[in-house]
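These protein sequence lines are chains A and B, in that order.
With my numbering, the residue at position 30 of the first sequence is 30, and numbering never jumps.
In my numbering, each residue carries its 1-based index in the second sequence increased by 115.
The set of hints was computed from the structure by calculation and includes no laboratory data.
Glycine is no exception: its CB is placed at the ideal position from the N, C-alpha and C atoms.
Hints should not be assumed to be uniformly reliable.
As the list claims (entries may be wrong) - The calculated label-pair distances, taken between Cβ atoms and stated as ranges, are:
hint	chain 1	residue 1	chain 2	residue 2	range
1	A	GLY16	B	SER183	47 to 53 Å
2	B	SER135	A	VAL12	37 to 43 Å
3	A	GLU59	B	GLY124	20 to 26 Å
4	B	SER135	A	THR71	37 to 43 Å
5	B	ILE133	A	VAL88	29 to 35 Å
Said to hold, decoys possible - Chain A residues, not near chain B, derived (Cβ > 12 Å throughout):
hint	residue
6	GLN6
7	LYS11
8	VAL12
9	THR13
10	PRO18
11	VAL19
12	GLU27
13	ASP56
14	ARG68
15	GLU72
16	VAL114
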Amino acid sequence: DAGITQSPRHKVTETGTPVTLRCHQTENHRYMYWYRQDPGHGLRLIHYSYGVKDTDKGEVSDGYSVSRSKTEDFLLTLESATSSQTSVYFCAISESASGTSYEQYFGPGTRLTVT
Amino acid sequence: QKEVEQDPGPLSVPEGAIVSLNCTYSNSAFQYFMWYRQYSRKGPELLMYTYSSGNKEDGRFTAQVDKSSKYISLFIRDSQPSDSATYLCAMSKTGANSKLTFGKGITLSVRP
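Work out the full structure, taking the sequences as your base and the hints as a guide.
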C-alpha cells in the first residue's frame, strides 16, 4: 500500500463521541486526502492537504475537521460522531510533480461504525 | 447530473470473456482519466491512466478515452477469476491542487 498506514483499522464508537483517524505515510508525498466510501455513493472526498498546515474542504466536509502538522501525518477528526458517519474511510497520497494530482495511492482503510 | 456516471452493475462473466466497463462524464475540463481496481476490503489501486484522448494498452487491459463523446472505457481481455474486483473510473482537471472525481464503481465477478 505504497507506505501508507491508517489507524485504527476498525473502530466502533457511540453517537456524540469524538473520533480521530490517523494516516501516516513514509513516501514524503506532498498531497494527502481523506475519502469516505459508502454503497451507492462511491468514493467521496472529505478534506485534502497540499502541504503542512495547508488544507481544504472536499465535497462532504460537514462534521469533519483535519490537521496536518507534519508531512507524514494527516488526521481526520469527527468532533461528534453521528450514525451517518458510519463508513469506510480511506487515506490517499500523491506527489504532484507535473502540476496534477492524478496518481493517488490509497491506504488500507478504516472501518468506522457509529452506534 | 453527477459529473461522472458509471454503470452500477454488478457484472458477472465467465472466465475468458472480454469485459467492457464504461463511464460517462459531463465536465469537458477533465483531462486525466484513470481506472482504479479495488479488491474486497482493500484500498483502491491505480490500474491505468490516460491523458486526453486515445487508447492505452497494458497487457490484457486497454483504456480508451473519447473526449468528443465524454466517454471512457476499460476493456479486459481473457478475463481471469483474479480480475474479480470493483473497478472505479476517476477523472481530473489539469492544474495545481486538482482533485479526482470518482465514479461509483462497478463490481465484476469472473466465474471459473
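Next item on the list: Decide, holds or violated, for the assertion that all CB atoms of chain B are farther than 12 Å from the CB of ARG68/A.
Entry: Its Cβ never comes within 12 Å of chain B, the nearest being 14 Å, so this holds.
Check: Going by Cβ atoms, does GLN6/A stay more than 12 Å from chain B at every point?
Finding: Since the minimum Cβ distance to chain B is about 9 Å, GLN6/A lies within 12 Å and the statement is violated.
Checklist line | Non-interface claim for GLU72/A, where every Cβ of chain B lies beyond 12 Å | finding: 18 Å, holds
Notebook entry, point to check: Any Cβ of chain B at or closer than 12 Å to THR13/A, or is the non-interface label fine?
Noted result: The claim holds: THR13/A sits with its nearest Cβ about 20 Å from chain B, beyond 12 Å.
Notebook entry, point to check: Is it true that the C-beta distance of SER135/B to VAL12/A lies inside 37 to 43 Å, as the hint says?
Noted result: 40 Å, holds
Item checked: Non-interface claim for VAL19/A, where every Cβ of chain B lies beyond 12 Å -> 20 Å, holds
Next item on the list: Classify the label on LYS11/A as holds or violated, using whether its beta-carbon is more than 12 Å from each beta-carbon of chain B.
Entry: 15 Å, holds
Check: Regarding the assertion that GLU27/A does not contact chain B, is the least Cβ-Cβ distance greater than 12 Å?
Finding: 14 Å, holds
Note to self: If I claimed the Cβ atoms of GLY16/A and SER183/B lie 47 to 53 Å apart, would that claim hold in this structure?
What the structure shows: At 51 Å between Cβs, range holds.
Checklist line | Status of VAL114/A, Cβ more than 12 Å from any chain B Cβ | finding: 19 Å, holds
Check: Minimum Cβ separation between PRO18/A and chain B greater than 12 Å?
Finding: 25 Å, holds
Item checked: Given as non-interface: VAL12/A, partner chain B, CB spacing beyond 12 Å -> 17 Å, holds
Violated hints for the displayed structure, listed by number in ascending order: 6, 13.
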